[in-house]
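Those protein sequence lines, which keep their order, are chains R and Y.
The working numbering puts the last residue of the first sequence at 148; the count rises by one with no breaks.
The working numbering puts the last residue of the second sequence at 1401; the count rises by one with no breaks.
Just so you know, these hints were derived from the structure itself, not from any lab.
Model, not experiment: these values are computed from the prediction.
Take these hints with a grain of salt, some might be off.
[As the list claims (entries may be wrong)] With a straight-line Cα cutoff of 16 Å, these simulated EDC-like cross-link-like pairs (lysine to aspartate or glutamate) come out: (1) 1027(Y) with 1068(Y); (2) 134(R) with 1068(Y); (3) 1111(Y) with 32(R); (4) 1111(Y) with 126(R); (5) 134(R) with 1128(Y).
[Stated by the list, open to error] Here are some of the chain R residues that sit facing chain Y, going by a computed Cβ distance under 7 Å: (6) 44; (7) 59; (8) 73; (9) 120; (10) 123.
Think of the CB as a built atom: it goes at the ideal place given N, C-alpha and C, for glycine as much as any other residue.
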Amino acid sequence: MLSVIVKRGWVAVLLVAVLLMAAVAVAQPTGDQLESFEATLAELEESDQSGIAAEEIELARTWLAEARQAQERRDDRMVEYRVRRVDHSLDLIRALVQVGNLRAGAAVQDERYETMTQEIETLSSEIEELEERKARREAELRRVRGEN
Amino acid sequence: MSRFAMAMVVAIALTGVALIGCAPAEKSPDLLELEGKLQSEEAQRIREVPNAVRFHQEARQYRRAAEEARQDRRDERSQEYAVLGLIRYRTALAVAQQFEEAETLQAANAKIEALNPELREVNQARNELAREVRELDEAIRAAVRERDEARRRQEAAALQERFEARQGASGDVSSEVLREINEGIREAVRLRDAGFDVKADEYPESRSVFQRATDQLQAARNLLDSEPGAAESVRRQVAFAVQLFQEALDTATPVHEETVERMRPENRIATLRQQARNNFGAPFSEEEPNGVRIILARLFVPGEADFRRNTETQLRVLKDLAEEYEEFSIQIHGFTQRRGGATANLTTSQLRAHSVRDLLVEAGVSPSRIETAGMGQDQIRYPDNADNNDRVEVIMRHTSP
C-alpha cells in the first residue's frame, strides 16, 4: 500500500515537473518573440523612410509594452492578443517603409532626370558656342595663312 | 382574472429581460470602421492589386470572426479581431500603394534610360568640337609665329636696304667712317635678330635693354639720314646700340635656354608626373602616355554628383595643375560604386565628370581643353572600399607628342 502511495507521489511530482517545463517552454518563445519584435521595430525605425510609419511604430511600441506587462501579470490571453497585434503591425510598418523607399527613389530619379535635361541644354549651348568659335578660328587661320 | 393578467405581465417582463440579457452587444466602433472600409470603393481597388489581395482577404476573415464572436457575446475577442482586421486592411492598402509607387519609379527609370544615349551623344559631339577648336588654336599659334618671324626679317631687310641706298647716295662722309658705321649697323642688326631668336624682346630680364638698343639704332639711322655730317656721333650711337644688343642677348640667352629646356614636352610631362605624385600620392597618380592619370577617389557623396565635404584641397591642386600646364589636354572620366541601378549610375558618373569640368572652367581653364565621359559602375578600382569608387580620374596629356 505504502509503495503504491510512494509510486503515485513520484508520478505526481513527475507530472508537476513536466507541466512546469511545458509552461516554461511555452513562456520562453513568447519572451523571445517579444525580443525579436523589439529588434525588428528598432531596425525599421532606423530606416530612412520610417517617418511615413511614425504613428504605427508608436502604436506597436505601446502594444509591445502592454504585452510585456501582461506577461509579468501572467495574463496569457492579453499577451496573445498584443503579440498578434504587434506581429501584424510589423507587416504594416514594413509595407509603409517600402512605400516610402519607392517614393523617395522615384523623387531622386525625377531630380536626376531634371539634372540630365539641364546638362543636355548646357552641353547643347556649349556646342553652339564651340561651333561659333570653330568658325572664327577657321577664318582666323585662313587670314593668318593668307598673310604669310 | 386580474391575477392571471398580472402573471402574464410579469411573465412578459421576465421574458423581455431574459431576451435583452441574451442579445449580442452593439458593434464596436472598430468593427463598424472595418465594415465601412471593406465596403468602400478603395477596397474594390485594393482587391485588384496582386500582392494586396492576401491582406484584404485576411481583413475580411477577421471581420467575419469579429462578427461571430459578437454574436456569441465574446465581446473582447470580437473587438480584438476588429482591430486585427483594421491592421490587415491598412497593410493591404500600403501594399497597393507600393504597387503604384513601384510603377512611378519604373516610369522615372525608363525616362532616364531613354535620355542616357542623348546625353552621351551630345557630350561626344561637344568633346569632338572641343578637340577641333584646340587643334585650330594650335595651328593658328604656329601660323602667327611663322608670320611674325617672316615679317620681322622682311622689315629688317627693308630697313637695311633703304639705309644702304641712302648711304650710297651720300658723298659728304668719308668712306672710312661710313664703312665703320655700316659695319656697326650690320653687327647691330645681326645681334638684334639673334636677340629675337632668344626672345630677348619678351623676357622681363632683357626686354628693357633690348628696347633701348632698338631705339638707339633707330636714332642713329635717323641722325645719319637727317644730318649726314654728324657721322662721328652716328658711329658712337651705333656702337652703343651694338653694346646694348649684346647685353640683351647675353642676358636673354641663358633664360631662353632654361625656358626651352623646361618647356620641352618630355620635361614638362616628367615635372607634371612628379607634381601629381607629390600632391595626390603615388597610389593616386599613374603614368599615362605623354601625361599622367590623377585619381580623385571618394570625391562624391554616394549616388550624387555633389562633392563631399573636405575635398576642396584636392580640387584646388587639380585646378592649379590644369592652369600651370596649359599645353596639356584634360580628359575627365566619372565613375560610381555598384550601389543603385546601372542606368542611374551611368548618368551619375557622367554628371560627376561634368561637375569637375565646370569647376575647372570656372577657374579659367579653357573648355576646349577638356573632354568628359561617364564610365558608370563597371570599372571598380577599389573592391574593398565601395565609397572610394565614387571618383573621377583626370588624364592630362601633352598636346604635342
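Hints versus structure:
no. : hint                 : in the structure
1   : 1027(Y) with 1068(Y) : 11 Å, holds
2   : 134(R) with 1068(Y)  : 85 Å, violated
3   : 1111(Y) with 32(R)   : 47 Å, violated
4   : 1111(Y) with 126(R)  : 24 Å, violated
5   : 134(R) with 1128(Y)  : 11 Å, holds
6   : 44                   : 13 Å, violated
7   : 59                   : 9 Å, violated
8   : 73                   : 16 Å, violated
9   : 120                  : 5 Å, holds
10  : 123                  : 5 Å, holds
Of the hints listed earlier, those the structure fails to meet are numbers 2, 3, 4, 6, 7 and 8, in rising order.
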